[in-house]
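Student: Please put together the full structure from these sequences, using the hints given.
Taken in order, these protein sequences are the chains called A and B. If you read the first sequence in this note's numbering, its first letter stands for residue -10, the second for the next number, and so on. If you read the second sequence in this note's numbering, its first letter stands for residue 20, the second for the next number, and so on.
Keep in mind that the hints are not guaranteed to be accurate.
Not the full set, but computed from the structure, chain B residues with beta-carbon under 7 Å of chain A [unchecked claim]: (1) 223; (2) 234; (3) 235.
Treat the hints as calculated values from the structure; they're not laboratory data. Please read all numbers here as calculations on a predicted model, not as lab measurements. All C-beta atoms in this analysis are idealised placements derived from N, C-alpha and C, irrespective of residue type, glycine included.
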Amino acid sequence: MTDSRPVLTMTGISKSFPGVRALHDVDFRLFPGEVHALMGENGAGKSTLIKVLTGVYGIDEGTIALGDERVAFSGPMQAAAAGVSTVYQEVNLCPNLSVAENIFIGREPRRFGAVRWGEIRRRARQLLARLDLDIDVTAPVASFSLAVQQMVAIARAIDVRARVLILDEPTSSLDAGEVAQLFRIMRQLRDDGIAILFVTHFLDQVYGIADRITVLRNGTLVGEYPTAELPQLALVEKMIGKELDVLERLDEHPRRELAALEGGTPFVEVSELSRKGAVAPFSLTIHAGEVVGLAGLLGSGRTEVARLLFGADRADRGQVAVGGRPTGLRTPVQAIDHGIGFCSENRRAEGIIADLSVRENMILAMQAARGWLRPIPRRRQDELVDKYIKALSIRPPNPDVPVRNLSGGNQQKVLLARWLITEPRLLILDEPTRGIDVGAKAEIQRLVVQLSDGGMAVLFISAELEEVLRLSHKIAVMRDRELVAHLTNDDTVDADRVMQTIASGSQREEANQ
Amino acid sequence: MNRIKPLLGHRLFWPVAVLAVMLVANTIYRPGFLSIEVNNGHLYGTPIDILRLSAPLILVALGMTLVISTGGIDLSVGSICAISGAVACLYISKAPDQNSFGMVLTALAMALGVALVLGAWNGVLVSVIGIQPIIATLILMVAGRGLAQLITEGQIITINSGPYRAIGLGHFLTLPLAIFIALGAALLVAAFTRRTALGMIIESVGGNREASRLAGIRSGRVVFLVYVVSAACAAIAGFMMTANVSSADGNAAGLWVELDAILAVVIGGTSLAGGRFYLSGTILGALIIQTLTTTVYAMNISPQTALLFKAVVVIAVCLVQAPAFRARFSRRRRGTPPPPAPSPQRQKEEVPA
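Tutor: Structure below.
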């Protein structure tokens, strides 16, 4: 790291979208020759900050300066021309074009209007050599691994005399070896004096490469720290925050007699289930009437665990036993047959059918299980739908409006109702309280308690530790796509301990005693 | 105003209005347009002709509605019409007694069987192999014409079969039989989708395939099924088309009917993106298209400008139905813009993590 003046200064940046304040008075600096990690949970404002910087969005307040010059880019193309290049998480290359074509697309060297193909190939080879990459530049990009594609994207980015290189989660689909290769290149570019803004969800990677860390939370700046002075635990605390408990306290539910629950055969017993690139082998048991919390940062593999359990993704290896009998949960249909329900965290893409009415959305899973030849009689539909509209106080209480017209919290309740109607024995809830208002949140939490009292097993996934601690009997902690600890939620467990586990990941033995 | 508003908002209002306007315009141009006379115990007249001639299109469009509802499209229906017509006519032409009722039934069953196989082929390409519907069905659209030619050996097969002819030109209760066949098919498809849960499941798959999968719907089977239903509908339409002329022409039968069918579905209010489907809208759409064709002939519009005329009307219908266009139109008329419905979903979309 050099001590020169910053190459990029963002001061007092604010940005609002209708109804949401995405960024509020955020400062951000980037020095030449450093790798600077931008950290924060989902919704913290990382992507918005990057998009504001590259001109995808305009800003409401604040200034951006590149060197000494104030700038306001009209879009990524202009930003790139000024030396601010971005490589996105999803590699956005044209897979059917050659490596060389991809690097020079849109700015091919020409002579008399004709593209100079020889020149393109020569310069592409030169650029890649700088990244220590010796590949055939005439081969289509699709014929290379994701890591190589990512580097081609970087090569394209740095060719435009980049001073600032933004890498938005470049490692999320890479394996360990590929990450190492990427890091070598990042260090090399850093030593060349390029300022690198690095966004990732992997803590180890931050501590492996970043010189400094800026933390955002809920659209505000938490602080800027040299990596060496910010222990992992402190970073996790700053990212998650310790919100004041605005929700009413639920009774001492989790501290109930666990012994009684542990007695019988577990409802679900997972051993060494895994899927390459998604989650490392993990084991998990869930008893009837038990709430198992799944804690961990965004991208730590929480959702992947849920999807494997539900058969939404297929596991590479490992076994699942339901009710003591080994079963293959390879499709959602199979999981539903075994009495498992799954509320996805991605309500819009994987949950509601926006076109259909509240009624239809609610009965969908039950109807699917019965098959289309046996429609649920209208009277039965009305009974079920009315019951859950009342029980979950869904607003408006009209079963025939399209579900798209409901607020996020009410859509979430419709999804919950969809699964409750199927009377599952295990309900997987992935972030059921995210993005909904406090009232609806408390209602959903109370419902989880009621359900488990009634004998339903619940796998409860949430980024909010308080919530997980309040509801769960047992807590499984995820870190970097690995289940690192099983904690019994007794008096010795509190937010600090879980955070420590997330930060260090070294409590496996202790937890198992 | 309060009573008119829900009427204006009804999804079938504009198709019905367009149809009414066309009928009125025709009547003004040619006062005898709507008159119906009884002859030989049968009803005759332009409105009856429109109903009879639109029967094949209604059939094809019914199947197309279901396919489009799943987010797909079926370009091969025209070829399937030709193939089924050719198979039926070939079998009848080889029969010793072309007027045998049982023999005609066998011919129909055989041709329908062939169509179901073709529908299953489309279904497998789309749902199992995962080819884009437009490409998957384009294969059969092109190859099917060749297949129909092969069956007829490049000739036009002419038949002289009373029972078969009746499918297109026969009468029942004073009305053309074709009308009853189309109506029966419509009722059958409606019962098939709305009396069971199939309709909702089709709409669910078309609305959000991944969410449907996670709700336990075997979407592959549903998609497969709609292509088979579409082929069956096309086959019956093919019988009508060939029965009308008592001959099978592998080249001409059902030519471009897929485009009219898609148009009918869209006019009826079903979105090409999939999701909600409206069978009644589709039938109206088919009637609009046939009325338009009849109008073009009745008004003696020269063949050179006939297609242009048709295009202008279709553009008008589509515009009048487009929510964006209507919103702009009604805002100007009322003077005060209606507040855009605040959709929390939308707003959230714009806020990235």
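Student: Please go over all the hints and tell whether each is borne out by the structure.
Tutor: Evaluated hints:
{"no.": "1", "hint": "223", "result": "5 Å, holds"}
{"no.": "2", "hint": "234", "result": "5 Å, holds"}
{"no.": "3", "hint": "235", "result": "4 Å, holds"}
Of the hints listed earlier, there is not a single one the structure fails to meet.
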